[in-house]
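K.L.:
Each chain, letter by letter, is given below.
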Amino acid sequence: MHFSDDDLRSALGRKEPSADFTGRVMASINKPQSSEDRLGAVPVVRVWWRSPWAMASALTACLLLVIGLVQHHQYEQREMETKKVRAQAVLAMRLTSEKLNVALRQALYPRRSNH
Amino acid sequence: MAGQEADRMEQALTKAIQGDHPAFAEIVKEHQGMVFSIAYHFLRNRSLAEELAQEVFLQLYQKLGDIQSSAHLTYWLRRITAHRCIDQGRRCKPELGLEEAPPQSTMPRLVDPLLHQHLRKSVAALPEKWRVMVILRYQEELDLAEISEVLDIPLNTVKSGLQRSLAELRKKLTRKLGGVRYALF
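Protein chains in written order, with numbering that gives the first Met the number 0: chain A, 0 to 114; chain B, 0 to 184.
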């Protein structure tokens, strides 16, 4: 069966879609896409994190977090120092109190010397 | 005139990239025949072809920033349409719509509508990659190197694919229409 290239060109000639095709395309563009269509188009991934405001907010949040952590660390250090000093003071007072008790016992109940 | 047309498209493209919707509508109008026809001759179903064509233009709208010129736009549209057709063809068999009835012949005697109808059907029955090669060759009149670039297929594969497609078409038509030779003069 012979057919020419021209036959194929005529058979496969360009056709136009329906008259409202352009209108439907523009309507789809103006409408936000919610899910994949049935021909399996890839959904639009909005790259929101690339906006300058999003990046500035993220950097500010990171900075605040770091400052917060540093301050918390410093507070913990101070707390530990205070506890140490307190413990030392309590020990010193206990020692002093024991010595005073010994001195008081000696003063109240002196040892009798045998003549 | 062709130069004026190209300039008009370049201007429309520049405006569309800047967000001008009427300019984008102009681009759609200019290229809808090409995109729809590739899809239609591949899928042989008008509504599916329109849906596919619509998706191609939606994708174009999202990717407008990547388009460098009106020539690049044409290349991009053919490429995306061809690849989408192949993907769609792999997912489901083409449905034959109501367009299959031979049209009323208002054509000159040299053109055989029955032959054209059988050619279209036979093309639609080819494997997906061969089918799109034939459409790009005979509808879009691309040369082998251009088809190779659009489809990301080596040149030799395009060459052998087209040869085998034409052989297959001749075999199919001989089976359908018998050994009758159609004289074209």
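Hints in this document: simulated from the structure, not taken from any laboratory. Certain hints may be false.
[Claimed, not checked] Away from chain A, derived, C-beta distances all over 12 angstroms, residues of chain B:
#, residue
1, Ala5
2, His40
3, Glu50
4, Ala70
5, Lys158
6, Arg169
[Stated by the list, open to error] With a straight-line cut-off of 25 angstroms between C-alpha atoms, the simulated SDA-like cross-links for lysine to any residue are:
#, chain 1, residue 1, chain 2, residue 2
7, A, Lys14, B, Gly64
8, B, Lys62, A, Gly22
9, B, Lys171, A, Asp4
10, B, Lys158, A, Asp4
11, B, Lys175, A, Asp4
12, A, Lys30, B, Ala24
13, B, Lys28, A, Ala18
14, A, Lys30, B, Lys158
15, B, Lys170, A, Ala18
16, B, Lys128, B, Gly64
17, A, Lys14, B, Asn155
18, A, Lys30, B, Lys175
19, B, Lys158, B, Arg45
20, A, Lys14, B, Leu141
21, A, Lys14, B, Thr156
22, B, Lys171, B, Arg45
Glycine is no exception: its CB is placed at the ideal position from the N, C-alpha and C atoms.
K.L.:
Run every hint past the structure and note whether it holds.
P.N.:
These are the hints, each one checked on the structure:
no.	hint	result
1	Ala5	holds, 19 angstroms
2	His40	violated, 5 angstroms
3	Glu50	violated, 6 angstroms
4	Ala70	holds, 18 angstroms
5	Lys158	holds, 15 angstroms
6	Arg169	violated, 5 angstroms
7	Lys14/A with Gly64/B	violated, 28 angstroms
8	Lys62/B with Gly22/A	holds, 20 angstroms
9	Lys171/B with Asp4/A	holds, 16 angstroms
10	Lys158/B with Asp4/A	holds, 15 angstroms
11	Lys175/B with Asp4/A	holds, 19 angstroms
12	Lys30/A with Ala24/B	holds, 15 angstroms
13	Lys28/B with Ala18/A	holds, 10 angstroms
14	Lys30/A with Lys158/B	violated, 43 angstroms
15	Lys170/B with Ala18/A	violated, 37 angstroms
16	Lys128/B with Gly64/B	violated, 29 angstroms
17	Lys14/A with Asn155/B	violated, 30 angstroms
18	Lys30/A with Lys175/B	violated, 47 angstroms
19	Lys158/B with Arg45/B	violated, 29 angstroms
20	Lys14/A with Leu141/B	holds, 17 angstroms
21	Lys14/A with Thr156/B	violated, 28 angstroms
22	Lys171/B with Arg45/B	holds, 24 angstroms
Checked against the numbered hints above, the structure violates hints 2, 3, 6, 7, 14, 15, 16, 17, 18, 19, 21; every other hint is satisfied.
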